[in-house]
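Residue numbers (this note's numbering), protein chains in the order written: chain G, 1 to 141; chain X, 1 to 141; chain E, 1 to 141; chain W, 1 to 141; chain P, 1 to 141; chain Y, 1 to 141.
No false leads were mixed into what you were given.
Chain Y residues, not near chain E, derived (Cβ > 12 Å throughout):
hint: 1; residue: S25
hint: 2; residue: K53
hint: 3; residue: T78
hint: 4; residue: D89
Not the full set, but computed from the structure, chain E residues with beta-carbon under 8 Å of chain X:
hint: 5; residue: N14
hint: 6; residue: A15
hint: 7; residue: A16
hint: 8; residue: K35
hint: 9; residue: C36
hint: 10; residue: N40
hint: 11; residue: H42
hint: 12; residue: G43
hint: 13; residue: H44
hint: 14; residue: N45
hint: 15; residue: D82
hint: 16; residue: R84
hint: 17; residue: T130
The set of hints was computed from the structure by calculation and includes no laboratory data. Positions of the beta carbon are idealized from the N, C-alpha and C atoms, including for glycine.
Spelled out, the chains give:
Number of protein chains: 6
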Amino acid sequence: MSKIVYVTRRERFNAAHKLWHEEWSAEKNLEVFGKCSNPNWHGHNYELFVTIKGPINEETGFCMDLKVLSTIIKSKVTDVIDHRNLNLDIPWMAGIKTSTENLAVVIWERIEQEIKEAGCQLHCVKLYETENNFVEYYGGE
Amino acid sequence: MSKIVYVTRRERFNAAHKLWHEEWSAEKNLEVFGKCSNPNWHGHNYELFVTIKGPINEETGFCMDLKVLSTIIKSKVTDVIDHRNLNLDIPWMAGIKTSTENLAVVIWERIEQEIKEAGCQLHCVKLYETENNFVEYYGGE
Amino acid sequence: MSKIVYVTRRERFNAAHKLWHEEWSAEKNLEVFGKCSNPNWHGHNYELFVTIKGPINEETGFCMDLKVLSTIIKSKVTDVIDHRNLNLDIPWMAGIKTSTENLAVVIWERIEQEIKEAGCQLHCVKLYETENNFVEYYGGE
Amino acid sequence: MSKIVYVTRRERFNAAHKLWHEEWSAEKNLEVFGKCSNPNWHGHNYELFVTIKGPINEETGFCMDLKVLSTIIKSKVTDVIDHRNLNLDIPWMAGIKTSTENLAVVIWERIEQEIKEAGCQLHCVKLYETENNFVEYYGGE
Amino acid sequence: MSKIVYVTRRERFNAAHKLWHEEWSAEKNLEVFGKCSNPNWHGHNYELFVTIKGPINEETGFCMDLKVLSTIIKSKVTDVIDHRNLNLDIPWMAGIKTSTENLAVVIWERIEQEIKEAGCQLHCVKLYETENNFVEYYGGE
Amino acid sequence: MSKIVYVTRRERFNAAHKLWHEEWSAEKNLEVFGKCSNPNWHGHNYELFVTIKGPINEETGFCMDLKVLSTIIKSKVTDVIDHRNLNLDIPWMAGIKTSTENLAVVIWERIEQEIKEAGCQLHCVKLYETENNFVEYYGGE
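If we strip away everything but chain G, and leave its shape as in the complex, we get (with noise of 0.2 Å):
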C-alpha cells in the first residue's frame, strides 16, 4: 500500500513561563495577561501531539519510524524545554513571548527539516497548555 497516512506522537514536558511585554508597566501587563503575569511566574504540563503525513512504506508497514520521530521531538524542543523556564532559559525563544500560539509555531520550525530530511513531511503541531486550552499550527503564514 501507498496510501497517505497521518502519524501522530505525544511527548510531554513541563515548565515554567509568565506572559510579560518588556515596554509595558506592570498595570498594562496585569490587564493584559492577566494571571498569566505573575512577575515570579507559573508553570505548566504541557502535552505535545506531533503529526506528520506520508505514504506507507510497503515493507516496514510505518509511515515513519515513530522512535525517529520520538527522538526528533525529545532532541530538538522536549529534552531542552523540559523542567526550564522558557522565558529565561531557551535561546531560540529570546525576544519570543512565550504564549502556547507562539510556542507551537517556534516547535513546528525546530523540527520541520528534521522530519523532511527522515523522508515525511510535518502536518501539525497541537499544543495543550491545559486540559482547557490548546493551539494548533500547520505551518505556512
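Using the hints, position chains X, E, W, P and Y against chain G.
Just chains X, E, W, P and Y, lined up with the frame of chain G:
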C-alpha cells in the same frame, strides 16, 4: 509572527433532553430514537470544544484572548443551557430536535458573530455527548 | 494463590434528575440546591465503579469473573436507570433525593446480595457525577 | 437544517500482534521493528474512532444513526478482531504488516461501502495504539 | 439515610516551583533533585482531589454541599496559589520544600478546620503533579 | 514534617497473553474464559500504579525519590514484560494464570523487597487491564 493558528477552548454543561418527533407515535419514536426517546428525559455531561482561527498578534502572542473566548461561549451558550432541559427551557432550541448534530450547528450560530467582532474566525464546534460519540461542525451548508 | 485482591468494574449510564424537596418552596429549593433544582431537569453521564473483594481462585486466576460482575451491575442497576429520569422512572428511588450520595448507597443495596451469592464481597461503590465530583460508599452506617 | 456535519463513534478492541518481515532475519527484524518484533507477540488496547460526514436529516436530527454506525464497525471490524491475533487470526490481514498505519487503511476498506449504503460518507479512520501513538487515514492514495 | 459516605471535589491550579535546599551547593541540589532543581523554575498543572467524609443529610441528600467544599478549597488554597510561584509567592510555604508530599500536607492543614466547621471531616488530600505522579495524605503523623 | 504520606508512580507496558488452563479442554477453556482463551493470544496496554507509604524526609521533602521508585518498577517489572508474552516469555509467570489478579500479586512480590531497602513500604499495586477493569492488591493473605 503573523502565522495563522487554531486555538481551542473547552467548556462543559450538563443538560437533560430527549429525542422526540411530535408528529410520530410513541412507538415510532421508540423505533427510531430507541432509549433516547424516554418520555421523562435523560441527560448528559456535554463537553464543548470551540476552535477559532486567526493570525498571532505580535504584541500579545495571542490569536484571541482565551478569557474573551471563554466569556463568549459561557454567555451565549453554556451559562444558558447548563443544568437545563434542552427541549423545554431554551428558546433558541424550540422546534429543533435536540440531537448532538443540531446542537453543534445551533451553538455555531450563537457564537459566530461575537467571535468575528473579536477579530477572529470561528473554525469548528466540536460537541461530545458521551466519551463514545461526538459531532463536529465547520460552518456552511 | 489465595491472596485477597480488590477487583473493579466500570459501567456507565446517562440519566436525567433534579434535586428537589417536595415540602419546600421553589425559592427554598433554589437556595439550597442551586441550578440542580431546575424544575425541568438536567442530566449527567454517570460513571460507576464497583469494587469487590475476595481471594483469587486458583483454577481460574479470578477473584470473580468480570463478566458475571458486569452482568449483575447491568441487570440490577445500569440497564434499569440508563436513559431514564432518576426522580420519575425508578421505583427504587421513589422518595429518595437523587443526590450522588444517595445513588451510591442505593446502588450498593441493589447489588450487595448478588455479589455475595457469587462468592465475593462488595467493597466499594464509587459514582462520578462529573469529572469534578464523585462519591464513594463502603457499606455500613 | 441540511448542514454538513462530521459524526464520530468510538469502539475498542484488544489484540495481539507483532511487526515481522518474513523475508528478513530475526536480527534484521529486531533492528527495524525493535521490541515490536518479539517472536511471541505483544498486544494493545486499541481505540478506534470512525468519523462519517453528511447532511443532518431534518426528521431525525441525525446525520447517521450512531447505533447503525456502531453496528457496522462492530460487525465488520471490532467483533472480528477483538481478543484475536492480528497476524494469525484475521484472513483480511493476511500478508499485510500489522502496523497501526496498515490497520487504519484496512479498517477503512472494510466499512466504507456499508457506510455509503447507509447514506453517509466515511471521512476518517483514527486508530490509537497507545496513549502516545495514533494514525489517521482519510481515504484515497 | 444516615450512612457514611466519602465525597470528593476536584480543583486545579497551575504553578511554578523548584526543589532546592538552601544549604546545599548547586551540584548537590542537582544530584538530589535532578532537573527539578533548575534555578529558573519549572511548573505544573496540579490536580487536587479533596475527599471529605460524613453522614448523608436526610433533607438534602448531601454529605456536604459541594459548592461549599469548592469555595473552601478555592479560597484557602487554589485561588491563592494558582498562577503563582510556590517557593516565592506563598507565605505559608515559606521554609518548606515545595515537593508534592509537603504540598499535600500543607493543603490539608489549610482546609481541615473549615471543613470541620461545615460539619464534615476531611478524609484525604490527593495531589497530582503529573499524570504519572501523585501523593495522598490522610492526616495524622 | 514527618507525616506519613502515600506516593504513587504510574508505569505502562503492552503485552500479549491468554487465559488458559492446561488441564482443561478447549471447550472448557472457552466456557470459563470466553474470548480471553483465544489460542493465538490477545493483548493489552496495561497501566500499573505502584503506591508506597512512608514519612516525609525533612531534607528533601520526599517520601521516596520517584526516580528511584520508577527505576525499581522498570527494572523488576515493566522493562521485563513490556512487549512480551506473559504466558511464554516471563520465567516468573511460569505456571501462574496470567489474570490481572495474579499479575498484581506477582508484581507486588517482585518489588516489595527493593522498596523496603529504599526505606519505604509498599502499600498497593493497582493494575488496569482496560479502562473498565482493574485490580488492587495490598499485600498479605
